[in-house]
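Participant: Sequence:
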Amino acid sequence: MIQVVNLISLVVEASISYKSRPSIALTLSPMKSLKQKLDTFEIAHPRVAKLIAKTIPAQCPFERDIILFGRKIGHIPPLCKLNPLYEQLVGLRFRALCYLADCCGEDIQAYC
59 MIQVVNLISL VVEASISYKS RPSIALTLSP MKSLKQKLDT FEIAHPRVAK
109 LIAKTIPAQC PFERDIILFG RKIGHIPPLC KLNPLYEQLV GLRFRALCYL
159 ADCCGEDIQA YC
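In our numbering, the protein residues as written are 59 to 170.
For the record, the hints were derived by calculation from the structure and aren't laboratory data.
A portion of the hints provided could be inaccurate.
Lysine-lysine pairs mimicking DSBU-like chemistry, simulated, CA-CA at most 30 angstroms apart [what the hints assert, rightly or not]:
#1 93 <-> 130
#2 130 <-> 108
#3 139 <-> 90
#4 93 <-> 108
Construct the entire structure; sequences and hints are all you get.
Facilitator: Now the structure itself:
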């Protein structure tokens, strides 16, 4: 019984000391660094811009109407906004399309 009480007190002390240092958990976020890398990614070659524009879809590919025997029985909403990198990927695609249109003078209608 004494060992259980000691174990519980150690767990409580560890959780209190962890909560007193929230900056450590925030600075080690791998998602934050990935978001920053996507936001600062510079597009310098037309081939890279074309690859980005082709691989990142213009619309959410998961949104669908469920049709059975010619009648709509349900709708699957767009799930892309649940992706934590959605904003960064859309911004990257936009920068790629702007690079193709402005710097390379290409028609980007094929990517829309």
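Participant: Against this structure, judge whether each hint is valid.
Facilitator: Hints, one by one, checked against the model:
A distance of roughly 38 angstroms separates the Cα atoms of residue 93 and residue 130; the hinted pair therefore is violated under the 30 angstroms criterion. A distance of roughly 36 angstroms separates the Cα atoms of residue 130 and residue 108; the hinted pair therefore is violated under the 30 angstroms criterion. Pair hint residue 139 plus residue 90 holds up; C-alpha atoms about 17 angstroms apart against a cutoff of 30 angstroms. For the proposed pair residue 93 and residue 108, the alpha carbon gap of about 21 angstroms is at most 30 angstroms, so the pair holds.
Checked against the numbered hints given earlier, the structure breaks hints 1 and 2 and satisfies all the rest.
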